[in-house]
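Construct all of the structure, not just a fragment, from the sequences and the given hints.
Chain order of the listed sequences is A and U.
The first sequence begins at 733 in our numbering and counts up one residue at a time.
The second sequence begins at 12 in our numbering and counts up one residue at a time.
Quick caveat, the hints were computed from the structure, so don't treat them as lab data.
Bear in mind that the values here come from a model prediction, so they are computed numbers and not experimental data.
Glycine is no exception: its CB is placed at the ideal position from the N, C-alpha and C atoms.
Please note that a few of the clues may not be correct.
No more than 20 Å apart at the CA atoms, straight line, and that leaves these computed lysine to any residue pairs for SDA-like [said to hold, decoys possible]:
#	chain 1	residue 1	chain 2	residue 2
1	U	K47	A	L846
2	A	K741	U	G53
3	A	K832	U	P104
4	A	K832	U	K47
5	U	K47	A	G772
6	A	K832	U	S84
7	U	K47	A	Y836
To be clear about the criterion: a stretch of chain U counts as covered by chain A if any three or more of its residues have a C-beta under 8 Å from a C-beta of chain A, and this derived list gives those stretches [stated by the list, open to error]:
#	stretch
8	52-59
9	113-122
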Amino acid sequence: NAGVTQTPKFQVLKTGQSMTLQCAQDMNHEYMSWYRQDPGMGLRLIHYSVGAGITDQGEVPNGYNVSRSTTEDFPLRLLSAAPSQTSVYFCASRPGTELKNIQYFGAGTRLSVL
Amino acid sequence: GEDVEQSLFLSVREGDSSVINCTYTDSSSTYLYWYKQEPGAGLQLLTYIFSNMDMKQDQRLTVLLNKKDKHLSLRIADTQTGDSAIYFCAESPKAGNMLTFGGGTRLMVKP
Numbered sequence: 733n734a735g736v737t738q739t740p741k742f743q744v745l746k747t748g749q750s751m752t753l754q755c756a757q758d759m760n761h762e763y764m765s766w767y768r769q770d771p772g773m774g775l776r777l778i779h780y781s782v783g784a785g786i787t788d789q790g791e792v793p794n795g796y797n798v799s800r801s802t803t804e805d806f807p808l809r810l811l812s813a814a815p816s817q818t819s820v821y822f823c824a825s826r827p828g829t830e831l832k833n834i835q836y837f838g839a840g841t842r843l844s845v846l
Numbered sequence: 012g013e014d015v016e017q018s019l020f021l022s023v024r025e026g027d028s029s030v031i032n033c034t035y036t037d038s039s040s041t042y043l044y045w046y047k048q049e050p051g052a053g054l055q056l057l058t059y060i061f062s063n064m065d066m067k068q069d070q071r072l073t074v075l076l077n078k079k080d081k082h083l084s085l086r087i088a089d090t091q092t093g094d095s096a097i098y099f100c101a102e103s104p105k106a107g108n109m110l111t112f113g114g115g116t117r118l119m120v121k122p
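Okay, structure coming up:
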């Protein structure tokens, strides 16, 4: 089982460049979310989606866009990368009907913005 | 607001018990979680506890919850070198909402 798949695993960008981080899950989960991980700060929620066509902002949404056209995919777009966006990005998914809120994480994308 | 805090670092000897502590502020949390992150990998759920429980045991793992003090702990018995990782405490304030994570505790196990 693939679970949650993130691509690419590593990326280096120059300031001002744009790119899309891909996330796909094959578990038919309704909920998907994006987090960024910075040293000593845990994971902070960027954007999330509770189903196809529905997205909402998390704790740190500025500089990022998302869309959810299908249940399986939840891409994260950086329109104009900044050094402050250097981080490790994790995508997660979970079933929408489950009260326990157990999330399944991808392996992460390590992004450096120069 | 929601805030989850953990100490940054813990070092133990192989075979000893490890206790990782966490405090949280949202009294409406319904579930609390412990995730493990090994180097270069994503987060893996270790265990969780429902807010109406005081303790949960799962093999070498024991979770203790003190709702009055909003304190959560994870005890790992007979700690092994393979337990070296970062451990994150997380809370789910309401059923169906996203998780709020602590900053993570790096556990180092010395042979």
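Results for each hint:
A hinted pair counts as satisfied when its Cα atoms are at most 20 Å apart, and K47(U) with L846(A) does not qualify at roughly 30 Å. Distance check on the hinted pair: K741(A) and G53(U) sit about 11 Å apart at the alpha-carbon level, within 20 Å; holds. Proposed proximity of K832(A) and P104(U) is supported: the alpha carbons are some 11 Å apart, at most 20 Å. At most 20 Å may separate the alpha-carbon atoms for a hinted pair to count; K832(A) and K47(U) meet this at roughly 18 Å.
The straight-line distance between the Cα atoms of K47(U) and G772(A) is roughly 15 Å, inside the 20 Å bound, and the hint therefore holds. Between the alpha carbons of K832(A) and S84(U) the distance comes to roughly 19 Å, so the proposed pair stays at or under 20 Å and holds. At most 20 Å may separate the alpha-carbon atoms for a hinted pair to count; K47(U) and Y836(A) meet this at roughly 12 Å. Closer than 8 Å: that is the beta-carbon criterion, and the stretch 52-59 of chain U has 6 residues meeting it against chain A, so the requirement of 3 holds.
Remark: the stretch 113-122 of chain U is confirmed as covered by chain A, as 3 of its residues place a Cβ nearer than 8 Å to a Cβ of that chain, reaching the required three.
Violation of the numbered hints given earlier is confined to hint 1; every other hint is satisfied by the structure.
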